[in-house]
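Peer 1: So you can see what is in the structure, the chains are spelled out below.
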Amino acid sequence: MGEDRTLTSDGPIDEGGERADLDAPEASGEAANEVDDDHSVDTAPVELGDLEPLIRLFETLAVAERVDNECQRLQTSGVLSFYVPGGAQNAVSAAVGCTLEEGDWAYPSYRDLAMYLARGGAPRALFDQLLANGRDPAAGRQLPGRFSLPGGRYVSVSGALGTQIPQAVGTGIAMQLRGDHSVTLVSFGAAAVAQSGFHQGMELAARFRPPVIMICSVAARAGLQGSLEGRAGGYGVASRTVDGGDPVAMLEACGEARQTVRDSGAMLLIAELPDPALSAAKNNGGLAARRAVETQLEELVAGGPRAPLLSERLAAILSTATDTVREASASAAESAPPAASRALEDIYGEPSWMQQEQSEWLA
Amino acid sequence: MGEDRTLTSDGPIDEGGERADLDAPEASGEAANEVDDDHSVDTAPVELGDLEPLIRLFETLAVAERVDNECQRLQTSGVLSFYVPGGAQNAVSAAVGCTLEEGDWAYPSYRDLAMYLARGGAPRALFDQLLANGRDPAAGRQLPGRFSLPGGRYVSVSGALGTQIPQAVGTGIAMQLRGDHSVTLVSFGAAAVAQSGFHQGMELAARFRPPVIMICSVAARAGLQGSLEGRAGGYGVASRTVDGGDPVAMLEACGEARQTVRDSGAMLLIAELPDPALSAAKNNGGLAARRAVETQLEELVAGGPRAPLLSERLAAILSTATDTVREASASAAESAPPAASRALEDIYGEPSWMQQEQSEWLA
Amino acid sequence: MASLNLVEAVNYALGAEMESNPLVVLLGEEVSESGGLHGAAEGLLDRFGGERVLEVPFAEGGLLGAAAGMAMYGLRPVAELPFAECLFPGLEQLSVEIARLRFRSGGEYTCPLVVRVPYGAGIGGGLDQFESPEAYLTHSPGLVVVAPSNAYDAVGLLRSALRGDDPVAFLEPRRLYRHESMEIPETDYEVPIGEAKVLRECDEGVSLITYGGMVPVSLDAAELAAEAGHEVEVVELRTLLPFDIGTVLASVVKTGRALVVTESRKHGGFGAELVATLAERALLHLEAPVERVAGLDAPIPYAREELYVPDSSRVLAAIERLVSF
Amino acid sequence: MASLNLVEAVNYALGAEMESNPLVVLLGEEVSESGGLHGAAEGLLDRFGGERVLEVPFAEGGLLGAAAGMAMYGLRPVAELPFAECLFPGLEQLSVEIARLRFRSGGEYTCPLVVRVPYGAGIGGGLDQFESPEAYLTHSPGLVVVAPSNAYDAVGLLRSALRGDDPVAFLEPRRLYRHESMEIPETDYEVPIGEAKVLRECDEGVSLITYGGMVPVSLDAAELAAEAGHEVEVVELRTLLPFDIGTVLASVVKTGRALVVTESRKHGGFGAELVATLAERALLHLEAPVERVAGLDAPIPYAREELYVPDSSRVLAAIERLVSF
Ligand SMILES: Cc1ncc(C[n+]2csc(CCOP(=O)(O)OP(=O)(O)O)c2C)c(N)n1
Ligand SMILES: Cc1ncc(C[n+]2csc(CCOP(=O)(O)OP(=O)(O)O)c2C)c(N)n1
Ligand SMILES: [Mg+2]
Ligand SMILES: [Mg+2]
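Chains as they are written, first to last, in the working numbering: chain A, 1 to 363; chain B, 1 to 363; chain C, 1 to 325; chain D, 1 to 325.
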């Protein structure tokens, strides 16, 4: 990005260059194992059509849960030095990711691996990044969990809390200016609320009313002063509080929020996560969320003829997810580390004399 | 400050060194012309005793108004390159200044010359600073209007909007820790609300509930998003909105706020200034405020035997104020500029080799 | 075209780029009233409307964050700061986010935006508004830092900045805004990033390296030195990061004497980088110690600012020390 | 006393100063849980209670602003940052407010506080957490900047910082937190601000000037050089602002060869100031160009961090270039 942008008369700006599109996933030869755009697996029967959105949510959660588990295993065994599980935030993150449309932009937090998956990221690419190998598009520069998704309008997470909030609002304002009817999503945790980025983002959102969903995942309101709903109101920004432990409710709320921000500008969606002190392990949140979608799906087909079909479908998803994640992790572990030269690339559009000279130091 | 601090078992920290105390104004030999601690003038008859607080407010406003006028004259004639009038904020600033007690700390804004006066600053010292001459304790380093008041617990104003807010909260927290029953006051305008300093200050105030009055002077809510009252509530900080154009109401509100913050922690006082678009000239606010106090005083003695006494007293104040300000301005204009050596002083407790060496450059 | 001074040139170049490229937008504080604090945006709101000229809340981190989000999306934002110290609230966005985004994302996202920074002493700006902030910017690979000293270069550098691939900090010496007017060509010329300009040549004598607000002071000193029989070659960097190392080295290798003139505080300033580069790469050519003429290691006072900021007599004295070494 | 590593030494010195001076308070993020991100505050909440150990909201500008207000009032606050990049949100408070307050107020107000900054690569911290931030601090007259490399100096410098009159940025090399343990004397010793220490002496050879996280790397390289027959004098600055110019100059005047080793990005780093000082003041004594060994002009990557950060072989290569010049 950045180069070769051409101006369209109205609407979003054309992306030139070599970006893959979401609906044209990279020909990496492993499409069958990828969680790609429509998240269908080959066995998908048409009869479950109306359930597909929930099934996609289920699948995203299933993969995210397995990624979390695998990463905790890798961490225990010392392969991964750093990992922050999606955990209880998987439900929120998957729901948001399943809601966003292709032209939408996402500014995720470091817990949003489920959003990465729902946005079209493949588990294999995800593990390439987690293990910071040579296939990582960002050359292993980022801490594990801060993903890049080429072509995915999923902005690589920064280590500084809250900085993504005014950035997202800027992208939303740009959409307004360009007559782009997409929306921008920004996700953050409770700690970012005290940071200036939150304040700046809310001020800008109140002034320009861009199509931005600001989603704050909070666990038991820990660390928050006062009322987040009250604060949003104080800025003149609409807010809504949702049970972040209920992925189905989240999915619905995200869909409505998407409409709301397109109609009337930015809003703050407050996702209440289960109190971490109440759940046995951080990662239980991920499991509980996937189960919740399962239950909902089962209720929708209960006693009917689709029940066995569904059950078969979900089982297939789980088993594919297990295989995919295992394979992705194994494959990533075998890949070579990033080339030394990458340490001095991607600084400027063209390397300056400093980077050129210093490439000698890498030898 | 900073050196020679000795710890008292409890209560505020002793100030060693050469600081003058508020109740022991510097022996600068011009006490008669000073607006000093109790603001009495020699002619004060005991009979007006119950009116003294309002008379002090009147006097502060009268002097502030004359300073504003004189500075605008100096600016027009090119003597002063920069001046921001107290203007409509004089009422707020004088009321706050008259409310604070000796041990209280003030973090003023650049419009708070009336607070400087009420806090014990002499007009002559004020003009020494405005004209940045050699008698300015800060050696003319600050832009005109950013006053220093030695011993006055009136912190020199910075050019960065909003930075004083978390500082004031820090001072308030320190008071709490030290069992000091004083309060801290911080004053700022609408623009500072968008700055991160406001957000940080509110977060800290909500968490620690220190004895801090945060006073925000807003004109017609210009530049503000949403509701300031709503925001305060969102942080969990109490707020109160007062007519900043009414100095008598302000004085009362400030007194109450002082009690409130000592009892239950920080609050936001929102002073609504007259819409600048509605007043003929910015400085009219200052005049209107002084008149308002006059009217109130006149009503209190109306038809009674004290009316002529009061009238005489107020006339004397006005005429003294006029003379004092004229004299202060003239005296300041004649004083020599700051010594060159001051350009490298007050950097460290002891100058480093850099400042020592560079003092040669000043020759 | 009419003759323009530096601030008029910035205004002109902004207008012209906004005219020719609908992706260029301007964000700033009080840009609707009187075109911002210094008038550089004058008339642009009327010409381009509130969608292209955005008045933002008073928060420079938000200003730069929003500009970054716009640049990532594909716009070409220009963010105007009121004065140099306003960089501080925005420095996290500039240093950690904007400068590193291309690297962080493996080249996927870029932030081609321009931050305009009115800076520098000499205008009675007081001690906390108009410092020389380049040291806080030139330690950030990924950023480009430019500092024009005249209307011609301002137009050409702003064009290059708005057409390049990288985020650019555009330092505008406040003291030169109305210093001098000059004829601006009608042509769509650019001044390339990374190219210094030799303003005054000589074969032997002293190489004086400078930029921004110190250019006129340096030229004055060079003139005075010439009158006293000492030749001075004046190299104006124009781009600070990445600076034109070839031109700087060539000059110093030729003359054997180097003087670096900056307005910023001496210690830890950008001048140190220039001197260090010479000590590393031109040591054998040096016939005298390298000197820095710089601001005092102190904040800039409102009164007696002339004590802080280098003037031509301090520069001249250094030239004389170097030639008589 | 037990043998302590660097982070334990910080913890010990904090506790001891809080014990002896009731004005000392600690502010930080998550200092109640496990003593902050790195455990440096471990046990202090239990010992001194919530009035002396304050857990603040996640906002570093607020943290430093509140600390400034406490220091002005008369307390001795220690503000703990989670990591170096967290300086940026607080840099306006540090650079514009805290460093300039004494000057701004004509000496009326001062800000004697300590900001603790865990910094530096070598621990897999990723590209936006543990940079070397000294260039952002050493351009601020009014600030003191120190960087211990071992437990003994950490205790002594922290004592001096908490007893002095100036605000101090206390840089803690994260990679050395658990590098080495040493016996700490029971005595109430201080390490004076502004005094470098010669860790390894020689009469001729190369003067290697370094600090913080690069001290062990430099000593290793000096050892390797010695094995190859090249003598190296290693000067550890300990204080960066104001650095010990006397010791540095004396060493370089003696050896005639200087190498500056820093972990920070090379361009515009604090190393440039050291080299510039030598070019200005010791030029005639130099028998070889001054060299800088520094980090790459790039952000610090998570993977292959070793490419970014100088190691003893890069230092050794520079020593060899200098001696064979
Ligand atoms: C500017 C900044 N300050 C501090 C940190 C250190 N930090 C990283 S994560 C974190 C806590 C995040 O808590 P929360 O938002 O509740 O998210 P959670 O991880 O609990 O989901 C902190 C303080 C940081 N990354 N950036
Ligand atoms: C950090 C920072 N940003 C911007 C400015 C420039 N500035 C100085 S005063 C001001 C407007 C203040 O408006 P308000 O708070 O309403 O006060 P008023 O002067 O109107 O009473 C601005 C933007 C500044 N001083 N500091
Ligand atoms: Mg949390
Ligand atoms: Mg206003």
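These aren't lab readings, by the way, just hints derived from the structure by calculation.
Please read these numbers as outputs of a predicted model, since none were measured by experiment.
Hints should not be assumed to be uniformly reliable.
[As the list claims (entries may be wrong)] Label pairs and their in silico Cβ distance ranges: (1) A:G349 - C:V253: 28 to 36 Å; (2) B:E252 - C:S313: 15 to 23 Å; (3) B:G230 - A:E256: 38 to 46 Å; (4) C:S313 - A:G179: 37 to 45 Å; (5) D:D188 - B:G349: 16 to 24 Å; (6) D:G39 - A:A222: 51 to 59 Å; (7) D:S313 - A:S81: 53 to 61 Å; (8) C:M182 - D:D220: 17 to 25 Å; (9) C:P185 - B:A330: 51 to 59 Å; (10) A:E334 - D:G39: 17 to 25 Å.
[Unchecked claim] Example chain D residues on the side facing chain A (calculated, C-beta under 10 Å, incomplete): (11) P57; (12) F58; (13) G61; (14) F88; (15) P89; (16) D128; (17) Y152; (18) G194; (19) A196; (20) H267; (21) D297; (22) A298; (23) I300; (24) F325.
We put the CB at the ideal spot given by N, CA and C, even for glycine.
Peer 1: Under 10 Å is the threshold here; is the Cβ of P57 (chain D) close enough to any Cβ of chain A for the hint to stand?
Peer 2: holds (4 Å)
Peer 1: May I ask you to test the hint 38 to 46 Å on the CB atoms belonging to G230 (chain B) and E256 (chain A)?
Peer 2: violated (24 Å)
Peer 1: Has the hinted range 17 to 25 Å been met by the Cβ atoms of E334 (chain A) and G39 (chain D)?
Peer 2: violated (36 Å)
Peer 1: Hint validation: Y152 (chain D) versus chain A, beta carbon distance must be below 10 Å. Holds or violated?
Peer 2: Nearest chain A Cβ about 30 Å off; hint violated.
Peer 1: Given a cut of 10 Å on the nearest C-beta pair, is the interface hint for D128 (chain D) held or broken against chain A?
Peer 2: holds (4 Å)
Peer 1: Against the range 17 to 25 Å, how does the distance between the Cβ atoms of M182 (chain C) and D220 (chain D) compare: consistent or not?
Peer 2: violated (57 Å)
Peer 1: CB of S313 (chain D) to CB of S81 (chain A), is that within 53 to 61 Å?
Peer 2: The hinted range 53 to 61 Å is violated for S313 (chain D) and S81 (chain A), with Cβ atoms some 24 Å apart.
Peer 1: Going by Cβ atoms only, is F325 (chain D) closer than 10 Å to chain A?
Peer 2: violated (18 Å)
Peer 1: Just tell me: holds or violated, for the beta carbon distance of P185 (chain C) and A330 (chain B) against 51 to 59 Å?
Peer 2: holds (53 Å)
Peer 1: Check the following: the C-beta atoms of S313 (chain C) and G179 (chain A) are separated by a distance inside 37 to 45 Å.
Peer 2: violated (58 Å)
Peer 1: Does the closest beta carbon of chain A sit nearer than 10 Å to the beta carbon of G194 (chain D)?
Peer 2: G194 (chain D) check fails; min Cβ-Cβ to chain A is 32 Å, beyond 10 Å.
Peer 1: Can D297 (chain D) be said to touch chain A, with a Cβ gap under 10 Å?
Peer 2: Constraint on D297 (chain D) satisfied, holds at 4 Å.
In summary, the structure is inconsistent with hints 2, 3, 4, 6, 7, 8, 10, 17, 18, 19 and 24 from the numbered list given earlier, while agreeing with the others.
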